[in-house]
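Going down the list, the sequences are from chains R and B. Quick note: the first sequence uses our numbering, first residue 4, plus one each step. Quick note: the second sequence uses our numbering, first residue 7, plus one each step.
Calculated directly from the structure, the hints in this document are not laboratory data. Quick caveat, the model's predicted, so the values are computed rather than measured. We treat Cβ as the ideally placed atom computed from N, Cα and C, and that holds for glycine. Mixed in with the good hints, there may be bad ones.
[Said to hold, decoys possible] From the derived model, a few chain B residues whose C-beta atoms are all more than 10 Å from chain R:
1. SER40
2. LYS145
3. LYS178
4. THR193
5. ARG239
6. VAL244
7. SER349
8. GLU403
9. GLY428
10. VAL458
11. GLY505
12. PRO525
[Stated by the list, open to error] On the chain B side, residues computed to face chain R include the following (Cβ under 7 Å):
13. VAL92
14. GLY96
15. PRO97
16. GLY98
17. MET113
18. GLY127
19. GLY135
20. PHE136
21. VAL367
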Amino acid sequence: MSTTATSPLPGPGGPGSRQSGSDDALATSAKPVTWKTPVLLSVLGLIAFVFFGLMGPQQTASFGISTSGDFFQLPALQVQAFLAGLVLSVIMLGLAGYAIYLKTKDRAAPSWLPILFIVLFVAAFLIWVVGGARTPSISLAGLIAGSVTLAVPLVFGSLSGVLCERVGVVNIAIEGQLLGGAFTAAMVATMTGNPFIGLVAAAVAGAVVSMVLAVFSIKYLVNQIIVGVVLNVLVSGVTGFLFSTVMQANKAQFNTPDRLPIIDIPVLSSIPIIGPILFRQSLVGYLMYVAVIVVWVGLFKTRWGLRVRAVGEHPQAADTMGIKVNATRFWNVTLGGAIAGIGGSFFTLVAIDSFTKEISGGRGFIALAALIFGRWNPIGAFFAALLFGFADNLQSIVTIIGTPVPSQFMSMLPYLVTVLAVAGLVGRSRPPAASGIPYVKG
Amino acid sequence: MLQPHIPSGQPTDASRLVRVLKLELRGITKRFGSLLANDHIDVVVEPGQIHCLLGENGAGKSTLMNVLYGLYEPTEGEILIDDKPVSFRGPGDAMAAGIGMVHQHFMLVPVFTVAENVALGAESTKAGGFLNLDDTRKKIREISDRYGFDVDPDALVEDLPVGVQQRVEIIKALVRDAKVLILDEPTAVLTPQDTDELLDIMRQLKSAGTSIVFISHKLREVKAISDTITVIRRGKVVGTASPTASTSELASMMVGRAVSLKLEKAPAKPQEKTFQVKDLTIIAPSGQHVVDGVSFDIARGEILAIAGVQGNGQTELSEAILGLQERAHGSILLDGEELVGRSVKGILNAGVGFVPEDRSVDGLIGTFSIAENLILDRYDQPPFAKGISMSPAKVLENAKTRIDEFDVRTPSGMLAAGTLSGGNQQKVVMARELSRPLRLFIASQPTRGVDVGSIEFLHKRILAERDRGTPVMIVSTELDEVIELADRIAVLYKGRLVGIVPAGTGRDVLGLMMAGISPEEHAQADKPLTNTSHANQAGPTSSSSAEGGDHD
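Next comes chain B alone, as it looks inside the complex (with noise of 0.2 Å):
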């Protein structure tokens, strides 16, 4: 089903037939300050392509998709169209040439109707610069029909479900005739299933004609959709690769050494079960119920990881735990204790460590040092305090511990922790959340925007944590994690637990369950494995079938 194919959809008669379009980035250099975030970048766009740019998170591909796209004006060097050379002096003069994009995070105003949206910076109008919206929802439908998009012109933008935003973005480049069509990290909200529709859509986006630079850091997607690759590494293009390159190829070329993606992991050994959470329910100011009569628990030595697609109350979910939710109703009982009404120091007292998922605001004071930043959670305890005065020599000496122990890449850990990059943050966060003895780990997002060689670190720690015994919660939105360090996988969609399934369980049941289809419901479901040690031997085995994206 991955293997590149014709689309079924109706050729492209005479009238429609686009004027294919050369695409050509020249030497881009783009500064910011000090920072070098695009070093002379050479990248050519055939007609009709899908090419696709690899990169860590931070390695330059959004800064130089947004050069593209004229919202960044570039330090040096030039873009080419059709081997004439051309400068943007914003989107307008983008679109105008035939660039469209759709950005990572949807650019499209909530409150007004998908047509508002569409019809926004390219007006159809009628006389006196009155709307004229009917001709914008024909040409809606009509792009619609022909890839099969379902979208109503009439729906406002914030009712609608992330895929069908995304395709709302995608009308919206359409309309405007671009014939380059970027899409920056597209699938990162999107659940599996979503993500082979939108490479479906991409594949019949090519056979009309339009070329597409794909962003992304998934290996799996990059290599079942891509024509040419070009792998981007900390601003600078270290080579192209051809989509029948393995992916430990891709990997290290990405990353810059060699890499192992498969994570040494001995099956778990579960304890007695210490952590429960009963009938949780969250209701937000809206009076939405965010979290929904959630009930499971943790063993000791086991990692149950929270899957779903971004949004579904997993956010919710983790900060009740710690207590930060006010309107959690339900019981969390951790040794027997409850932990629902307590304060956030009582609980994190009670020993639970919690890493959060925006590690810049709710994990580290950016403006503090390494070394306040890696007791913020003991700052009035000893050795760090007496009385009222606290030892900046133990903090110190503290600090220096941990950046060994946590591999932190850092000259002093007198800097700024807002000067660290987002892997090096992250250790921070980690080495003191398990700095003391805990009784419970929660981490949330563990290695969002982190880069794979941190990766890689971050998960062996975690890793060590269950095998000390402690019971650990992840919350992951990337399923790639969840399948690689769960011991059991429960599923989160729109507040309710859809289920509750052992490491192994395949990744189209997950895909199905993300979108609410509990594996009771749906018949041709892979049987879920019950017996626990097969499901852990499973684990690795299903891991590497995700890299290579040849898992059906």
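So here's chain R without its partners, still in its complex pose (with noise of 0.2 Å):
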């Protein structure tokens, strides 16, 4: 995973099955190992060692696997916090000293290294957390379905990126996209008393604001980064204008969308844990799922996604395969856009019956980051999603079982890890090679 970003992260055959030859070939002449991940984290492994460890809680941290409703019940998880806490740490700080032993040999850490400390560090720090609570103990089949919650627009707004990003436009206005189709959403579903048809009109909104960044930034060549931060502010200034002169003066008439039902499949939803983030669903979760898969088989496995590739990553050399590079490029624009509109959605049609102002609250923002930590790749950038939800919601879960730490700081827990995430702890990542710049003929 460290050398071929951009080939797609799962299945052996296709384009993947070249990664063996080229892997080796990259590991031993161009990669430079770096100290940065072994310094990394040795760091993160001694804070591990010191609060989770030595001064761990000694309490006993309690998580819960099943809810009433599945079908078979599992006993709670039992964790004795200080020694979970030791034991973990030192398996880091391991993990770390293994890292360091790599690069006195000058050997890149293997990527399941930093993925590994990744997932013990949060296991650590969740025990320290709860361990240290008034009330120590959480649902931890509540907890994960809260995160994939809490992840569905940052998917949807990472797919939107990935998509503009491998045509090689720059899409900064994911934030004004989620916003957009938020405001419209919510507007649509009320006037019409159909939330089916507000889901549709966000995606129109969406396209609508990723059409304006089409525009601009392939057609008059204006700096992308700029018309996107003009559109988030555009987006932000028109809906709020809006609420506060239209919905908030006949909010029954425009604000009071219907939400989108639960979809609850039987049987499969009471699956401890995994049932109630994969079939206890609303329509927009369930085209989450859809999405993902249809973007990167899309974009790997298809003709479609061929053309795509090459037009972010050579247009001129997809010029001269009679590709039309600018079409491509607006139309890929134009589809994030519906697809970060659907995001949009989530807000007003799911997850609250309301729209109010910058209810987006920078998840754009975030599903650039997940973009980039997931490495342009749909599936990445899935996962990358789930583990910024994941933060989001430990954050207010923690924050109302009343932890030692002080709520402001779990607040900045998201973005904490979008700044490690991003600085590069899974190895650096290669974006396509022509995003950011306008293709002009000649």
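Fit chain to chain and form the complex, with the hints in mind.
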């Protein structure tokens, strides 16, 4: 994973089958082995050892696995917080030591190492927080289900980013697309009385915001970052204005959408932990899974995807092969906007049943981080978004159960994770070569 | 070996028999604003021929081919295929009509595999638009076997050597059933050995019925491979020639006046060695050792040429001497003074003259006037500067002298440097760098993209600097230039010094060295000449054989 940034994550066949050869070649020559990963892991390992281990709470933390609705019950996980913290942090230090050892041999740490490290760190952190709380008990199932819920708009947003950047356009306007989708969904769903029409309207709104980005960046060659930032401010201003002048004045007529129903698939949804995540979702939630798979398959297995990636990597080459570069870019960016718009509808049609100012709350930018953390790959972006959703959810749950850590610090958690992730915790990632560069013929 | 011959490849069977195609360009005119790039050009490419378009850089050859390939729309004129007029709205149309093109800068996506690159734009698909790369792999293997290409369909393009990438480009065209293949300066990036292989491939393609339009300004190759030669100068066809025409005839057609291709060069009189590079290693940000333990020295009054295929560490080496490379280890000594670790300004003031390889990016500021460009290195020194103010009169005066001295063709020194032609821009750079007393002169690609007339002038200037007793280092990827100028030749391959050989070393030996094989390594190599005075006499001889293409 550290070398073939552009190859799809899973699947031994198809474009992935070349990996073994190129991995060896790159590992020995081009890729420099830096101290970054070993040092970062060591610092985090020491923090874990001191805080989660030595200074760990002496309570027993309890993690509920099953909920009452499940069709079979599993006992809650009971963990002695101090001991678990100590053991986990020692393992982490061991991993950090292994990374240092590899560096002295001039070899890069394998990609599983930082991932395993993150998992252990999160587990240790969780045990520490819960163990130190006034009521040392949380529902793991609830925590995970909540994470997925919070991740839904992030996943849609980062998919939008993937579609745009893969074709060579930087989409900073994800925030604006989410917000536009959220507003339009609330308004249209209320006016028509039908949340499904609201969902479609949200996609259209996102696409319209994206089209502005596309026209200015592709046709008029305006700096893509600037157009994106301006769009965010514009959408925020327009929705804020309409909210206070139209929606607030006549709430019943414009801002009381029906929620999209939760579709519960019988039996399957009663499986502990994964049941609620996969089989007890709203239409938007199910669409998320479909979209991730469809975009991944589309990008890496189809003719459309090959052309899209070529346009984002080497537009001139695509042009000489008879591919219409700017048209491909335009429609891809528009499609990305529609997807982000659907993500925006999640705020007003699933999570909350009304629109408020700035309801997207900067999640478009977190989605951008998820896209980079996920290495411009739909499946990578999906898991990155889940991680951010988890951090977000943990923050709110932990505040509820009452921890010794001030809640303000907890609120920093998602952003801290973002910074660490984008700073390249899991190796360096390579964006599409032509991302952000307008294509001018000749 | 360079005489045309019928390749031993298997004869084409009936099912493979390709429809031959006659291509005609009639009165093609292409304007970019006020610039007339192509002026009523007529060219007929007969079926199954290798037709060469010969012309200097900027003569309009590539523009013409981009028109033919549908990338540009002609302002006037028409393209006829088998005597029927066609119009191409894009490369897709051109490819459908049976025209394929290998661009000078390869049009390959580096992070794609060979198969993905070949498939792009003409993908075999299963139901629902799913890629069928197996089908593409099969086609690649078929073509690869037929022409002996040895290309792995699953290799990543960025991992492939340049010569193989070029074959991938050719495969791309063949998979699309190209009847006419346009090769735009295909040998610019190749070693002499790769070039010979390419010429062989072209002969094979021709015998299989493919017509080839070969664009080049290298007379040796043109004479070796062409059936017909059309010479283009300043956007116009100035005539056709047969490959039996002499080199000097072709050259004067190309340039428009008689040119002397042989440089009158007095033997070098090397004095004491004042410039030394010891164990220089440069590490790129990627961790790669782009220059790896290189050591050499240059004597006063001697030209050392650094030869090698583009991208083998030459750029980094010359930049390191000027102090532009951060991660340079080792030692660079000029008159016993260490240059490594000093600022660029300090190194310039120590008497290093530097002509960068890309003049428009590193050599000039295009929007500044010629006069200003001529003092970029001394703008803060008298007589041009007094305290915090500058003296424009002195700057202009200096410009007048330099423009006359270096024969820069411009109406005024006040014009922006970017408006000059390539040759005149290079003269400005050279004039600036040679205008102060030097203790070392470095010129990277001194004549790249420069017209033949200016080349002669620039070469003479470099020789004059040598004869003044300055150590001179030339970096060039053009073997002809290296052979012509050098007193000694150092060859770089993958950042390592393959060897330093005297002038007069055979083209074939140099070619192998450029592929990383040192003279000691191959038994059949000519004995390296050790007698320097003999070597210098041999210099001009080998350069003349280079033009004739009859050296073996």
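Each hint, compared with the structure:
1. SER40: holds (16 Å)
2. LYS145: With a cut-off of 10 Å, LYS145 of chain B remains clear of chain R, as the shortest Cβ separation is near 15 Å.
3. LYS178: Violated, since 8 Å does not exceed 10 Å.
4. THR193: holds (20 Å)
5. ARG239: Non-interface label stands for ARG239 of chain B: nearest chain R Cβ at 22 Å, farther than 10 Å.
6. VAL244: About 25 Å separates VAL244 of chain B from the closest Cβ of chain R, which puts it past 10 Å; holds.
7. SER349: holds (26 Å)
8. GLU403: At roughly 41 Å from the nearest Cβ of chain R, GLU403 of chain B sits farther out than 10 Å, so the non-interface label holds.
9. GLY428: holds (19 Å)
10. VAL458: holds (27 Å)
11. GLY505: holds (23 Å)
12. PRO525: holds (26 Å)
13. VAL92: Not OK, violated: VAL92 of chain B not within 7 Å of chain R, min 15 Å.
14. GLY96: holds (6 Å)
15. PRO97: Holds. Min distance 5 Å.
16. GLY98: Since the shortest Cβ distance to chain R is 3 Å, the answer is holds.
17. MET113: holds (4 Å)
18. GLY127: holds (3 Å)
19. GLY135: OK, holds: GLY135 of chain B within 7 Å of chain R, min 5 Å.
20. PHE136: holds (5 Å)
21. VAL367: At 17 Å from the nearest chain R Cβ, VAL367 of chain B fails the 7 Å test, so the hint is violated.
In summary, the numbered hints that this structure violates are 3, 13, 21.
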